[in-house]
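Below are the chains, spelled out letter by letter.
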Amino acid sequence: MKALLLGAGGLGGPAALSLVAAGVEVTIADPDRVDPTNLSRQIFFGDADVGAPKADTLAHALRERFPLARAQAIDVRFSRDNAAALARGFDLVLDATDNFPTRFLANDVCARLGLPLIHGAALGWLGQVLAIAPGRTPCLRCVFEGEPPVGEVPACAQAGVISPLVGVVGGWMAQAALAIVRDRALGRWANAMRTLDGWSGVERWVPVGRDPLCPACGLAREGNRALDREGAEC
Amino acid sequence: MLTDGQVDRFSRQILLREVGGSGQEELLAACVRVERLDEAGRALALWLARSGIGALSLPPDRSPAPARDAAGLLLASDAGRPLVDAVRERLSFHAPDLAFRSAWTVESDGIPGGPEGALALVRRILRA
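Those protein sequence lines, which keep their order, are chains A and B.
In this text, residue positions in the first sequence follow the numbering used here: the first is 1, and each later residue adds one.
In this text, residue positions in the second sequence follow the numbering used here: the first is 1, and each later residue adds one.
If we strip away everything but chain A, and leave its shape as in the complex, we get (with noise of 0.2 Å):
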């Protein structure tokens, strides 16, 4: 199984330990360096590793600890010019960002190539991840819509986050990806959101549904796929 890792943050760090202990090939692209305010939640880095790129050094360290690890690094940012290419090939992608609109592009050329999505956030106390299979479970625009208007939600560098969190989506995130190529059987993954109020403890699996109309993933979508996979680009 190939996975391709969007981010080596927070959530990406412990999504990529998980999943190359369970012997997944994992693929980590992330453009960004390391920066002090990252140490406190992003377990792979070190303070002589601030100013290293994040995907290099998350695919060496795993490497440290899984010498036979078939881990990978891409420098480059996930965007609309190479989403469709970088996603090719792989069975699966997570989506480990933290802003909208690579979380809706993401979701977007996944739907359009048929390819599984594990979305994944944490921001303050809040935690989520969402499976996605193409076809037989909601994608992020049935549950979201779409984007909100900029400022409406803050970033982590605005509302912070609780360190552990990140450690506990990025777990979910890898077991739902596990749940997803393996068991074909997604259990609760099939039809809810796993979400957590870290301040409350309180876990819940929120129920979600497909949307018919849905413009990435609905019956007019599905429709049009066929000709997607023909050469069109997102």
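Think of the hints as simulated: they come from the structure by calculation, not from any bench.
Owing to the predicted nature of the structure, the values given are computational and were not obtained by experimental measurement.
Check the hints yourself; a few may be wrong.
[Claimed, not checked] Here are the in silico distance ranges between beta carbons for each label pair:
no. : chain 1 : residue 1 : chain 2 : residue 2 : range
1   : B       : D8        : A       : V202      : 28 to 34 Å
2   : A       : L213      : B       : G20       : 42 to 48 Å
3   : A       : R136      : B       : L2        : 45 to 51 Å
[What the hints assert, rightly or not] So these bits of chain B aren't anywhere near chain A, every CB distance computed over 10 Å:
no. : residue
4   : R33
5   : E35
6   : R36
7   : A43
8   : G54
9   : S57
10  : G72
11  : R81
12  : P82
13  : E89
14  : P96
15  : A99
16  : S102
17  : G110
[Stated by the list, open to error] From chain B, some residues computed to sit far from chain A (all C-beta separations above 12 Å):
no. : residue
18  : D38
19  : P60
20  : A67
21  : D69
Each residue gets a CB set at the ideal place from its N, CA and C atoms; glycine is no exception.
Following the hints, complete the assembly by docking chain B onto the known chain A.
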């Protein structure tokens, strides 16, 4: 009083209303007992260290360190070393100022391992 380096390092937690500067100082002043150094215990220790818990009390487990650590704390090159020695050295990578003490101020009875346990303990310290 937090140093400039600590403010940088823990800035994302300090932004939280439930943490703030005083909450981060409480975390740094705490010494948490980690009961076991099995995989769950190692993951718990790692996430406590990253969260800014100031000190840990570790059991004197000198059994050989495993060759594979799914907790992500130990390296493959640690295989066979006395476990507590390897754990202490690797925790220092995660939190260079982390102290190790025999007496603890926070018990971890009934707390799960891994980041889930660290989250529960951080919450417990902040609410105390």
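Hint check:
no.: 1; hint: B:D8 - A:V202: 28 to 34 Å; in the structure: 31 Å, holds
no.: 2; hint: A:L213 - B:G20: 42 to 48 Å; in the structure: 44 Å, holds
no.: 3; hint: A:R136 - B:L2: 45 to 51 Å; in the structure: 49 Å, holds
no.: 4; hint: R33; in the structure: 17 Å, holds
no.: 5; hint: E35; in the structure: 18 Å, holds
no.: 6; hint: R36; in the structure: 18 Å, holds
no.: 7; hint: A43; in the structure: 8 Å, violated
no.: 8; hint: G54; in the structure: 13 Å, holds
no.: 9; hint: S57; in the structure: 19 Å, holds
no.: 10; hint: G72; in the structure: 5 Å, violated
no.: 11; hint: R81; in the structure: 14 Å, holds
no.: 12; hint: P82; in the structure: 19 Å, holds
no.: 13; hint: E89; in the structure: 12 Å, holds
no.: 14; hint: P96; in the structure: 6 Å, violated
no.: 15; hint: A99; in the structure: 17 Å, holds
no.: 16; hint: S102; in the structure: 25 Å, holds
no.: 17; hint: G110; in the structure: 13 Å, holds
no.: 18; hint: D38; in the structure: 15 Å, holds
no.: 19; hint: P60; in the structure: 24 Å, holds
no.: 20; hint: A67; in the structure: 9 Å, violated
no.: 21; hint: D69; in the structure: 6 Å, violated
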